[in-house]
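Engineer: Knowing the structure of chain S, use the given hints to seat chains W and E on it.
Protein chains in written order, with my numbering: chain S, 1 to 259; chain W, 260 to 537; chain E, 538 to 769.
Simulated from the structure, these hints should not be mistaken for lab results.
Misleading hints may appear alongside valid ones.
What the hints assert, rightly or not - Quick look at which bits of chain E chain W covers, simulated, 3 or more residues with Cβ under 8 Å:
#, region
1, 593–600
2, 621–635
What the hints assert, rightly or not - Only some residues are given here: those of chain S computed to face chain W with a beta carbon under 8 Å:
#, residue
3, P87
4, A89
5, D110
6, R114
7, E115
8, P254
We treat Cβ as the ideally placed atom computed from N, Cα and C, and that holds for glycine.
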Amino acid sequence: MSGEIVSELMRAHVYRLASTGQRVDGRVLDEPRKVVVQRSFVKTAEGSARAKLGNTDILVGIKMSVGEPYPDTPNTGVLSTSVELIPMASPTFEAGPPRPDSIELARVVDRGIRESKMVNMEKLCITPKEKVWIMFIDIHVLDYDGNLFDACSYGAVAALASTVVPAKHHSLGEDFALPIEHWPVSVTTAKIKDILVVDPSLDEERMADARITVTTDENGDIRAMQKGLSGSFSYDEVKRIIETAQRVGRGIRPVLRSS
Amino acid sequence: MEDIEHIEKGMKLINADGRRLDGRKADELRPVRIEAGVLRRADGSAYIEWGGNKVLAAVYGPREAHPRHLQDPARALVQCRYNMAPFSVSDRKRPGPDRRSVEISKVISEAFSAVVFKEQFPRTSVDIFIEVLQADAGTRCAGLTAASVALADAGVPMRDLVASCASGKIDGIVCVDLNKEEDNFGDADCPMAIVPRTGEIVLLQMDGHLTYDEFQKAMEMSIGATHRLYELQRDALRRRYSTTLEDILKEAPPLPPPPMQESELPPPPEDDFGPEGI
Amino acid sequence: MQGSGSLRPIVIPGEAVGGPGLKPGPGTYSEGGQLFAAHLGIRDEHDGLVSVIPLNGRYIPQRGDAVIGEVTDLGASHWLVDINSPYPAPLHATESPWRVEFGDTSRYLKVGDVIMAHVLSVDEIKRVQLTMQEHEARRLNGGMVMEISPTKVPRVIGKQGSMITLIKDLTHCQIYVGQNGRIWLDGNDRDTAVAARAIRLIEERAQAIGLTEAVRELIERAERETRGPRPS
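Next up, chain S with everything else stripped away, as it sits in the complex (with noise of 0.2 Å):
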């Protein structure tokens, strides 16, 4: 419903079919939609991609420029994520500096990206302790229905995979394709009641009491965890929950890696 409080009479609705194994939308439990990649979609980056999973949309764009590293990584290129939830993706986001919830988001996107070290960043070194490769992963929601986490990991990871550096127009060499080394796939899954889903709408989202997202490499590794919401997970949910996003990450890792 369009309201932000899920109504009561849908949270029985909702957990009545999930306690049969069923969502509203017609998938399983563990089931995520469908995930839509379209890389180098905005020309004036050096890599984008626009994600769709169901009905969330996210343009992610690449920007490149030249500066210095950071102190304590002197050899290294500088990785920086952010978010916009622009208003028109939601009547519920507003105009205005970044909310904890996007800050949060960029910062777990960023995570999964930076620990699965997908990006060799010592590649990205021009001369150490001087210049580095800095590079900017501008991430823009413009249609909200569900599972942000997630699918901004993809139009991010989409779009890294889609990045040329632009070494010609900064008088540094040829142009090269950004240096991917590992695939990491972000999964989300929310506790309703009693129930794990994989992959919530938005109105699971709106009636979850925990979330977790996790994101592995193609090794099954884990890379990254955020736990978010104030309720609780048991121990044996929280591995249920490993071990489903080792394998639905395994069925969306070849979408993202194909061009």
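Structural biologist: The following block gives chains W and E in isolation, referenced to the frame of chain S:
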């Protein structure tokens, strides 16, 4: 990514044959494509590709105006927010409104305020959002043209659509629809917006240097262009509402599996009007 | 399916829809003796009156409308109800079916409850009041609520309720349709999902000819899948 430094000093923006750098003649519009109803949450939306511009427009409303003290008891507010994505330009733009975006938001709000039937919705706001995803000069005209379609898509009552185009002067020649290089190295730029049926001008800005004659020539070119844009706007709206039944049925979600037993009729609703209430 | 592609022509705001001799109906405005569409929709002409049936738009409450609302807040002697409209809709305790003591409102309706109510009044500046004193008004329990564009409600109901009756009969579901685009359905899960799908079809193809047959076929096909190869 090409940028402006590749144009050598002294290079002509329009040659002796009247051809511009991208091959267009003085009165030729860049290719334009418009699609209506591209977003699900917004009440109305539209997407436009205009030359190298990619702009998304969306409308919410009429909806309750917030904050309360800004509400107008007699009519709806018409508020537009124009914003450029950080990756929309060659040098990354920091997120958040800058003075240019604030000014553009204001003049576009005023343009739509002239056509929306505001008195039908007191105390509400019609909120228009324009997001530039890729910029190549003329973004406010592209945004406005798309936003018109988004407003119609949302069912907002208006006197007419609004179509918008800019004309300018490059190498002393008046030309329609300047692209980024022409805008940067040209002599004048004059964006305008018009109500197609009546010819009313609802947005007009200019910077540079134009004689009175040159201005009139620029306006005539822009007006001509807006007629073509209006056709594209109308087509986009008509196309949106004419998908076939087969397409709809194809997209329908799967049904849950059938129940194990024969289903019974549901019990009649309980009448809970007793004094205990809930 | 017959006539599945046929559509009536769409008019856009500002498009001419009639000349002198025709009267301006809803969705039109007149200027200089001509009539023009005021919003996106389908042109309709009846007995010299031209109107434009909207294809989209927010719900603007009218007196007497049946609506399905969700309680979003409450006060000592009223509840605030979201009816999917730009205007907040209070329901005063005196307009409820109960005898509510001052301050006791939460006993009868809580935040998150869904009700079937009616629009009691709308004044000149669109201040809305609801009532639950009509016969069908009630707090809704069980079932599910779906939302469609309010402009499609007439098509979902059909001429003299023919379309909604067809859906109810074929799916054995209880269905309440609110003018505000919210619809409550109750039945077993499968039947409810089929009914919801039929309603979505109507929403997407409201202006098509042959829609009734398409809806009947959708439901009967789904029912055949349910029954399987058993003899009927």
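Engineer: For every hint, state whether the structure bears it out.
Structural biologist: Here is how each hint holds up against the structure:
no.: 1; hint: 593–600; result: holds (count 4)
no.: 2; hint: 621–635; result: holds (count 5)
no.: 3; hint: P87; result: holds (5 Å)
no.: 4; hint: A89; result: holds (6 Å)
no.: 5; hint: D110; result: violated (15 Å)
no.: 6; hint: R114; result: violated (19 Å)
no.: 7; hint: E115; result: violated (24 Å)
no.: 8; hint: P254; result: violated (23 Å)
Comparing the model with each numbered hint stated earlier shows that hints 5, 6, 7 and 8 do not hold.
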